[in-house]
Amino acid sequence: MSAPSFDVEAVRKDFPVLSREVNGRPLVYLDSASSSHKPRQVLEAERQFVEEHYSNVHRGVHTLSQEATDAYESARATVAGFIGGAPREVVFTKNVTEALNLVAYSLGNPGSPVQLGPGDEVCVTELEHHSNLVPWQQLCERTGATLRWFGLTDEGRLALDDDVVTERTKVLAFGHVSNILGTENPVRELADRARAVGALSVVDGAQAVPHQAVSVTDLGVDLYAFTGHKMLAPTGVGVLWGRADVLDALPPFMGGGSMIEQVTMERSTYAAVPERFEAGTPVISQAIALAAACDYLTEVGLDAVKAHEVELTARLLDGLRALPGVRVLGPDTTELRGSAVSFVVDGVHPHDVGQSLDEHGIAVRVGHHCAAPVCRRYGVPATARASTYLYNTAAEIDALLEGIQQVQAFWGAR
Amino acid sequence: MSDSLYQEIILDHYRNPHHKGLREPYDVEVHHVNPTCGDEVTVRVAVKDGVVEDVSYDGHGCSISQAATSVMTDLVIGKPVAEALVKHDAFLELMQSRGALEPDEDVLEDGIAFAGVSKYPARVKCALLGWMAWKDATAQAVAVAGGEH
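First to last, the sequence lines map onto chains A and B.
At position 89 of the first sequence (counting the first as 1) the number is 89 in our numbering, and the numbers step up by one without a gap.
If you want our numbering, it's the position in the second sequence, counting the first as 1, plus 414.
Only chain A is shown next, with the shape it has when bound in the complex (with noise of 0.2 Å):
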């Protein structure tokens, strides 16, 4: 049951969007792992700041500059309340991709606190988004660092036995929760795995914070990344949180205006965090937009969230199991487990799934979910993809379930 507190229909309310009709049927939008829908109260808080008090932020003195200053560095503290951080551990980022790749670009610069080279080992896993996998593989390319991961178990979990975690180890990066399997990680275990061998652990959060309650210094994290538009707000800011410490070791990523201390002709220094990681005019409406999402994910409650989603998870996975010919990758109960749920269909492609689901109202992602190593090692070369979100309703994955039953009728797959 979902906590009594939480009424779907008034949260959809909230969504303008959802009351649309999509090829003459209601939406039915099972697409939220991808990008969530944004609230009145979302866009409310973005057009308010942008209509009265809008400017650029930092070294401004006239008031619309202090203001658009105070909004902004209010944003920081409200966002890192959410994931329980101080304001000073929060960089705003553009994505999660872009929070990575200043990771692991910052720990091939000069001044990191990581040097790497031959020898050394940055250690991923099977399951990772490409953004949690491609910014790894190109530092130990121009590093000389090997690159090891965690393999997947055939109910799609980490194969945690793996011995990939040595005194070699220098960065240990990893997804809370899959973006395509929904399998949600031990994060807390791998971080100390981390620790005890003096790693670094690079948590990408995307798929977490959205939809759970995250304690960034519950986990023992060294560093976690997670966006925006997948909680509410706005394309175009992400965060990447580090335990302070960390983040005032690391040298920058990009170089411009606002990350500086000094500059002469010759060289520059670099301003303190969370500044010196925010190079140019930063994200500014969008953060601000950010944290109206949290606050609103606050008032609703994550633990009402989850329950919710939990529910419609089990309903989902119960469903699709009692359908003939077709086969849940990942994990198929609720435990441990986000809502993101990818399927196939036997015999018809999921790009045709996709299509013909779409004629019925009803969004849902095909491909390969940016992890195409994940596809290949369950032997598929694509899924089909329904997620779930505060939003969806017990109803809109019956819709679900009946329109794969039709998509099977059209293409003779049953």
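Hints are computed from structural coordinates only; laboratory data are not their basis.
Quantities reported herein were computed from a predicted structural model and do not represent experimental measurements.
Keep in mind that a hint or two might mislead.
Claimed, not checked - Covered stretches of chain B, as calculated for chain A (at least 3 residues, CB under 8 Å):
| id | stretch |
| --- | --- |
| 1 | 473–479 |
| 2 | 499–505 |
| 3 | 533–542 |
Built from N, CA and C at the ideal position, the CB exists for glycine as well.
Fit chain B to the given chain A structure using the hints.
Relative to chain A, chain B alone:
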């Protein structure tokens, strides 16, 4: 459902693809992928005296990519390279038309069934996968043949 996209001709080619399977002899083999969806096709082309003697292929992908490749082989096998390229250009133009073009059945035959695909930008690359691979392989085969003279 899918009146405009999944035409019966497309479904027929998908279920019973023509000329599928890799064959000998051939001059050039290419492998093309659609990185957004993971569709893959391997195409072999044999060109002799300026004529497309054979096109064989294997791969996996959605109904649109598989059917379009099947139709493509029907259209180009046995045709002079220049005429086959005219058909390629006509199909490409149709795919880029966003539904605004009336296809010429004399040129594209079963290919006219893909007119509706041009209204689905996400699927246009699927329809072009096999065609692009064929064009690539044919250009290489012609270049090789030219170099031999």
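We went through each hint and held it up to the structure:
no.: 1; hint: 473–479; in the structure: holds (count 5)
no.: 2; hint: 499–505; in the structure: violated (count 0)
no.: 3; hint: 533–542; in the structure: holds (count 3)
Against the hints set out earlier in the document, a violation occurs for number 2 only.
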